[in-house]
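All chains, please: the whole structure from these sequences, using the hints.
As they're listed, the protein sequences go chains A and B. Just so it is clear: in the first sequence, position 238 is 238 by our numbering, and no numbers are missing. Just so it is clear: in the second sequence, position 235 is 235 by our numbering, and no numbers are missing.
Simulated from the structure, these hints should not be mistaken for lab results. Treat the hints with care, since some could be wrong.
What the hints assert, rightly or not - Computed list of lysine-lysine pairs in DSBU-like fashion (alpha-carbon distance at most 30 Å, straight line):
no.: 1; chain 1: A; residue 1: Lys195; chain 2: B; residue 2: Lys108
no.: 2; chain 1: A; residue 1: Lys107; chain 2: A; residue 2: Lys169
no.: 3; chain 1: B; residue 1: Lys108; chain 2: A; residue 2: Lys197
no.: 4; chain 1: B; residue 1: Lys276; chain 2: A; residue 2: Lys234
no.: 5; chain 1: B; residue 1: Lys266; chain 2: A; residue 2: Lys17
no.: 6; chain 1: A; residue 1: Lys169; chain 2: A; residue 2: Lys51
Chain residues, written in single-letter form:
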Amino acid sequence: MKIVVCMKETPSTEVKKELGTDMRLVRNPQDAIINPFDEYTIEEGLRLQEKHGGEVVILTMSPAQTTDNIRKAMAMGADRAVVVADPSLAGSDALATGRVLAAALQKIGFDIVLFGQGTADSNGGVVPSITAEYLQLPLLSLATKLTIDGETAVIERSAEVGYVKVEAKLPLVVSVSKSINQPRYPSMKGIMSAKKKPLETLTLADLGLAANQAGSAAAHDKVLAAESVSTQRKREIFVGNDGAAQRIFDFLSDNKII
Amino acid sequence: MDFTLSDEQLAIQQVSRDFAENVIKPRAFAMDASGEFPLDIIQQMGALGLLGLPIPEQYGGAGADFLAYCVALEEIARGDASVAITMEAHTSLGATPFLLFGTDEQKKTYLEPLASGQKLWAFGLTEPQAGSDSGGTQTHAELADGEWVINGSKMFITNAGTSMTAGVTVTAVTGVKSNGRKEITNLIVPTGAEGYVIGPPLKKMGWKASDTRPLSFDNCKVPQENVLGSVGGGFKQFMQTLDAGRVAIAALCVGLAQACLDESLKYSHERSQFGKPLHDFQLIQAKLADMATEIELSRLMYYKAAWLHMQGRDFTKEASMAKLFASETSKRAADQAVQIHGGYGFMDDYPVSRYFRNVKVNEIGEGTSEVQRILIAKQLLQSLR
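This is the structure:
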């Protein structure tokens, strides 16, 4: 089975995020990590491979040409990686991202494409569906469980009460929820062999796409303004001992804490 | 001079740090309280390849270099001392001698399961009456009918009695050399060998969840081929083993000292006295600065000793210096960490009280500080002769 895992690099969750004058996130390659949701996706890809054989290919697109995180995915166990690296990718919106990924996926070939449930930077959560649409293939979204039986993929997705079970034929696109598994640590052998694994770099031209079909040139949406959210804790100070216990009790019960 | 770690060393450091933080550290308090050997953690480390880092892939190891192993050990020690010493004793003392001195057959039989982390191995040198004076070894072995018959006892042996231990390498007197000195041979004793008795776990001040036992050999029989390397090669073998082991112990000490600094920084930020956080007091700042400086120095020393070792150059003096300074650094760091924590630091609920108990043995195990100073002085005085 050929499993392609779509992975994105996002800024570390420990680093303060900043917007540039172009209203785009300032991305420092040193602070890039594997999008935390994608660690579950890579894990799920590896588990599918353990069960059904075949290969796990990491697909990522990146305006910068950094490989640390791709090597980390390969240290976890992925067999090889394909990077669409092109300066014209900068500023791609979700539509352009789906267009580029779909073109790359068609070039690589696959039985199943896995996405994370979203990304820690923009968190639009729509790229899996856009990509599936470009590929004209079914999308099973937000899987909390994924099994493949012959030519059929079955997923479970959490619902308000219980879960729904959905199936579709291969080839298809699946986005996985972070409750689907517990990602493994890269093994020491995996780390030592990651550099020996093939890493192929493609440009937009290699995918038959023009520079204006991706990046800010093709973006349909534009960020006009953004502000950081500050959360203010609710605080009340009781002064004096008179009836203190009763006042604390009332406060807690008024706020439905007890 | 380039101090940058390679991509592989950095990745190994990062995984070790994450594993220590997420898996080991949350269990450290309970492990210390119960003294129970954390079998599941050690097995997970085995599966990840953390128990065979510097062993080549062809023997089941990860094929990383010696510095990568030390850097990983520092991170594991930052999580917990008991887990770190289990990893160190297994890798440096248990597995490495098979790589250096074992036959192809022995590498296949013994080294592979150790390097791939399925089994643990112990190294039995210290005896009840022979600690620093390892030449005073009394355990002896005689060849009879194609078998070694071993008699004697060993003391403070790490990893000898866990449920995943496959055996122990035992130093034994096998005769007298022409110069009148004892002929020492290392013998391979699998767990379960006839006459090999593993004593109950010893109760310790620290490193409580590591497996430390007395061993006795009562007409213990192993096949003639269970000699590691050559008959009479034992003394040279363990001296060589201990040299590299000291660099690893230095790395372990740096991890323990770093944990003391981590806690001290955190606490001095949280705790206020006289209306300001502790770290606003210059006397506390001085403690933090001294700790950080000594830790950095100790780290540089083990990096350099490891580098010399990887270059195939003589590193005996530097190994002793790194071990001596790093172990004393970890003791001072734990002492100051408790001091910064005040009364709370004396309470079991705070990790620094555990750290305080865990660091003392660093000045004793794998060569006391006194022995290290003798070894360093010996190297210095050699140039006068």
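Structure versus earlier hints - violations, ascending order: none
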